[in-house]
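Participant: Chains A and B supply the protein sequences, listed in that same order. The opening position of the first sequence corresponds to residue 1 in the working numbering, with each subsequent residue numbered one higher. The opening position of the second sequence corresponds to residue 1001 in the working numbering, with each subsequent residue numbered one higher.
To be clear, the hints were calculated from the coordinates, so they are not data collected in a lab. Please read all numbers here as calculations on a predicted model, not as lab measurements. A hint or two may mislead.
As the list claims (entries may be wrong) - Mimicking SDA-like on lysine to any residue, the simulated pairs with C-alpha atoms at most 25 Å apart in a straight line are:
| hint | chain 1 | residue 1 | chain 2 | residue 2 |
| --- | --- | --- | --- | --- |
| 1 | A | K56 | B | R1100 |
| 2 | A | K67 | A | P14 |
| 3 | A | K2 | B | Q1041 |
| 4 | A | K42 | B | D1063 |
| 5 | A | K2 | A | D58 |
What the hints assert, rightly or not - Covered stretches of chain B (in silico footprint by chain A; criterion: 3 or more residues with CB under 8 Å from a CB of chain A, positions within the stretch not fixed):
| hint | segment |
| --- | --- |
| 6 | 1038–1049 |
| 7 | 1067–1073 |
Every residue, glycine too, gets a C-beta built ideally from N, C-alpha and C.
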Amino acid sequence: QKEVEQDPGPLSVPEGAIVSLNCTYSNSAFQYFMWYRQYSRKGPELLMYTYSSGNKEDGRFTAQVDKSSKYISLFIRDSQPSDSATYLCAITVQGGSEKLVFGKGMKLTVNP
Amino acid sequence: GAGVSQTPSNKVTEKGKYVELRCDPISGHTALYWYRQSLGQGPEFLIYFQGTGAADDSGLPNDRFFAVRPEGSVSTLKIQRTERGDSAVYLCASSLVGGRAQFFGPGTRLTVL
């Protein structure tokens, strides 16, 4: 079992839809949870960063962490064609190198 | 402000050759990471520098891979005797000391023929 599992999709939605992206993880030592967005042929761009269980909101984006279920989610409200990209969850532990462990990435297309 | 920069953006080489990939982190960021991303996969950790020293090189796949950061800023990832399986996008990221928000460069796309 991989440390971080993410459904790679692809996912195609109409403009304005609510998008839900999810990851599960196996290591309960993971403490920090991030979502990155990656456009084609570009580097990953940090979208959201959270530590505790619960929700964190930033504009149209909401990150949700459930440590008891080892489950994290990213919700995108009022999705736009410019949101079309690959979304990667990334997790790390406190201390040490804090290297990120990534999911496979979910390719999202928002159709106008 | 300037982000993380990487050069070259693309590198095509022949099997068995030596390559160097360069990373220029965000000014003031003392932590620097190298990752490798294969097609359809998430990035995989290679090595972490805190200042000039490699604090964690557990992700380097074998001894053909080596990285340096002699002055605590620019880093070079070196691959000897390249193999076709080394073809991937090599990503560099930097962060503040103790920061978990890592900022990535655009990557170097390496193709080994």
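Participant: Evaluate each hint against the coordinates.
Facilitator: To see whether the hints hold, each was checked on the structure:
1. Distance restraint check for A:K56 and B:R1100: the Cα-Cα separation of roughly 16 Å lies within the 25 Å cut-off, and the hinted pair is therefore satisfied.
2. Pair hint A:K67 plus A:P14 does not hold up; C-alpha atoms about 31 Å apart against a cutoff of 25 Å.
3. The suggested pairing of A:K2 with B:Q1041 holds, with an alpha-carbon distance near 12 Å, which does not exceed 25 Å.
4. For the suggested pair A:K42 and B:D1063, the alpha carbons sit about 28 Å apart, so the restraint of at most 25 Å is broken.
5. With a C-alpha separation of about 29 Å, the suggested pair A:K2 and A:D58 falls outside the 25 Å cut-off, and the hint is violated.
6. For a cut-off of 8 Å, the count of residues in the segment 1038–1049 of chain B with a CB near a CB of chain A stands at 7, and the three-residue condition holds.
7. As drawn, the segment 1067–1073 of chain B meets chain A at 0 residues by the rule of a beta-carbon pair under 8 Å; below three, the given contact is violated.
In terms of the numbered hints stated before, the structure departs from hints 2, 4, 5, 7, listed from lowest to highest.
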